[in-house]
Amino acid sequence: MSSGAGRAGEADAAAYLETLGYRILKRNLRGPGGEIDLIAHDGDTLVFVEVKLRRGTRFGSALAAVDSRKRARIRALAEDFLQFLPPATKVRFDVVTLRQGRAILHRGAFS
Amino acid sequence: MSEAPRLSLKAYKRKLAFAREHRRLIRLHRYERAAFERGFILIGGVDEVGRGPLAGPVVAACVVTDRPLMLKGLDDSKKVRPEQRIELAEQIKASALLWAIGQASVAEIERINIYHASILAMERALAALLQLPHYLLTDAVRIRSFGGEQLPVIKGDAKCATVAAASIVAKVHRDALLVELDRDYPQYGFAEHKGYATPQHQEALSKHGPCEHHRRHFLRVQNALSLFEFEAARAAMVEA
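Taken in order, these protein sequences are the chains called L and Z.
For what it's worth, the numbering used here labels the leading residue of the first sequence as 1282, then goes sequentially.
For what it's worth, the numbering used here labels the leading residue of the second sequence as 55, then goes sequentially.
Only chain L is shown next, with the shape it has when bound in the complex (with noise of 0.2 Å):
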């Protein structure tokens, strides 16, 4: 994501995580083949977070926005984050759908 909506959207995402506890620890994490929009801590797990815009559309469409290769590139670019960090380190995959600025987390939305 990177127009001004999905930027504006993130931070909205983060804001409404940091309501729920979770600290932000980075922002677009950039790495070869991809980005991931939010890192975080919630307690003792560390959260990658994908935040999706979506247009007044169902909670189905909404998840699947984020398809296998999309995955497939959070969880690569998760992998090489986690090699700067103690290996036991918890781990999750949580998604933001965002609409008309509402935001709504889908905890461990995949792994």
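By construction, these hints were calculated from the structure, which means they are not laboratory data.
Take these hints with a grain of salt, some might be off.
[Unchecked claim] Listed next, with one range per pair, are the computed distances between beta-carbon atoms:
1) L/R1304 <-> Z/H262: 29 to 39 Å
2) Z/H271 <-> L/L1301: 53 to 63 Å
3) Z/Q185 <-> L/R1352: 12 to 22 Å
4) Z/I95 <-> L/P1313: 39 to 49 Å
5) Z/Q185 <-> L/E1360: 23 to 33 Å
6) Z/E164 <-> L/A1289: 13 to 23 Å
Quick reminder that beta carbons are idealized off the backbone N, C-alpha and C, glycines included.
Given chain L's structure and the hints, the job is docking chain Z onto it.
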């Protein structure tokens, strides 16, 4: 032939009461049963509490089950006594297949209005489930982002067991939240009225003004606030 065993009057009455409650619970599952008979396996009920209060978030819960919730006393959260509500909430969480809570904050209520915030809270409750239900019952609202089949039932919290269960889980969760807020802001009495507009709450509002958890655009908060501002202005004039 031996005589039929005689029941004492007390035991007989207990048996009657049990049968009555059983029939009531069966009736309370009429929408769930209709969905089940059409082949849906996971039946969900979603409901929200805290649309009316002057303070605190709006909280929603979703309860998903694949079998009847035959819990004694299960009913609309407004009709169940607080102590029994807490006990029922535990029983619901234990016997439902899945349950989840969602909330929308006061800031969100102010930004997108209370109706949309209550739907957002319900959408969050659904998103927090490990698996979406195949069929969803709601209390007279349509959740557009839900992809499966849904049925808005007018007075659903009194007519559908799963919606009633969701209303109880949400209510107990929200009440506990407001007891917590009461610790930070003891002057309003959140622990007693849970943010609703009781005389005690209105009076505290006009005396202390609103705190960060008050829905500032709610008319009655406004009224209490103008009284508060009036009092402050008067005090300033008296001092001057």
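Checked hints:
1. Separation of L/R1304 from Z/H262 is about 32 Å and conforms to the stated range, judged on CB atoms against 29 to 39 Å.
2. At roughly 24 Å, the beta-carbon separation of Z/H271 and L/L1301 lies outside the given 53 to 63 Å, and the hint is violated.
3. For the pair Z/Q185 and L/R1352, the supplied restraint of 12 to 22 Å holds, since their beta-carbon distance comes to about 18 Å.
4. A C-beta distance of roughly 44 Å is found between Z/I95 and L/P1313, which places it inside the suggested range of 39 to 49 Å.
5. Here the CB-CB span from Z/Q185 to L/E1360 is close to 27 Å, well matched to the stated 23 to 33 Å.
6. Checking the proposed 13 to 23 Å range against Z/E164 and L/A1289 shows it holds: the Cβ atoms sit about 19 Å from each other.
Against the hints set out earlier in the document, a violation occurs for number 2 only.
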